[in-house]
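**Q** If you want the building blocks of each chain, they are given just below.
2 protein chains.
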Amino acid sequence: MAPTETLTAERILATTEDVLRRHGAAKATVVDVARALGVSHAAVYRHFRTKAALREAVTERWLDRTTAALRRVVDDRSLPADERLRRWLTTLFAAKREKAGADPELFATYEVLLGENSGVVERHVADLVGHLRLILEEGVSRGELALPVADAGLAARAVFDATGRFHDPGYAREWSAPGIDEAFTAVVELTLAALRP
Amino acid sequence: MAPTETLTAERILATTEDVLRRHGAAKATVVDVARALGVSHAAVYRHFRTKAALREAVTERWLDRTTAALRRVVDDRSLPADERLRRWLTTLFAAKREKAGADPELFATYEVLLGENSGVVERHVADLVGHLRLILEEGVSRGELALPVADAGLAARAVFDATGRFHDPGYAREWSAPGIDEAFTAVVELTLAALRP
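Line by line, the protein sequences give chains L and P.
The first sequence begins at 1 in the numbering used here and counts up by one.
The second sequence begins at 1 in the numbering used here and counts up by one.
It is possible that part of the hints are untrue.
Incomplete in silico selection of chain P near chain L, CB under 8 Å [said to hold, decoys possible]: (1) Pro148; (2) Leu154; (3) Val187.
Source of the hints: derived by calculation from the structure; they are not laboratory data.
Bear in mind the structure is a predicted one, so any value in this text is a computation, not a measurement.
Where is the CB? At the ideal position from N, CA and C, for every residue including glycine.
Chain L extracted, bound-state conformation:
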């Protein structure tokens, strides 16, 4: 690190992403991160008290980039709600696929957190279900959608569950299988048909 640069949490996280990509999720250490930043590992630990805390924070930041892209779809009120829902689901599947295929080391880190029942994963799922709920509520208020169950929160969770094969990391191995795009489209059409007013 150039001596004039301040060691911020954000700089540590950006560097940790690089280190994870280069060394692999299993091998990367806090010492590697400190070395890449030109600081002592104690300096890193002042920001993240444990290696696990650093791993959580870097995964959260990585997931939040997907959430931000999806949020832009939620907020695009130029589209009717059904089209927004289709685009949101398509964007989510594409992002998860991209992360699993083109960013395998960060994806592996994410899978470690999944195994640990980390709050990061829970928050990520809550963010995504929250997006679906916004689309559904707005669609209902505009008369563009109808709910198959009484409550928008429950309906949002049902849409999330019903499309799980296309975003749940447990299915990542299937995302390059033949026929997966056709299967995805069929589930999306099923979901949209269920919400038609």
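Here the structure of chain L is known, so what remains is to put chain P in place on it, guided by the hints.
**A** This is chain P only, laid out in the frame that chain L set:
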């Protein structure tokens, strides 16, 4: 084994189930099965040429019992197609839950086959999707259901995928979580709404 009894494949499989339940999927051996039958292990190997073949056959028989129960739902033409579909999905979830919770050693054996991409799993899924297809085709021909996609096979697969959280063994740990029944009902209602004519 009483000497007058013939050593059939069926008897070997029934005994293997018992042995798996008693010894556990990781520990049970062909020698244990032979001992329980009072025969040599060579006699068992005359029916099943490898331990893997025996494991596949016992799992298939175990899965086929679920398939047979589900088939009775498919064939119950006293019910309208939407009600049959609801009952079929409810029976499947109950059976998978029961297998995971009350029959953990056989479930663990099944999970081994899942990891091996065994043909047994593929056939089981094909059986289940075939059931759904029959219900959908009959529902459409009676005017009780409409398909959200052009082809009944694709629609059947979409229903199977959309309900995966409630039958895919990868989710078994969630099947005793609070709220799971409410989540299941919501996905079933979503699916039925999508198929309403």
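**Q** Against this structure, judge whether each hint is valid.
**A** Evaluated hints:
1. Pro148: Where the cut-off is 8 Å and the nearest Cβ of chain L is about 4 Å from Pro148(P), the hint holds.
2. Leu154: holds, 5 Å
3. Val187: holds, 5 Å
When held up to the earlier numbered hints, the structure conflicts with none and fits them all.
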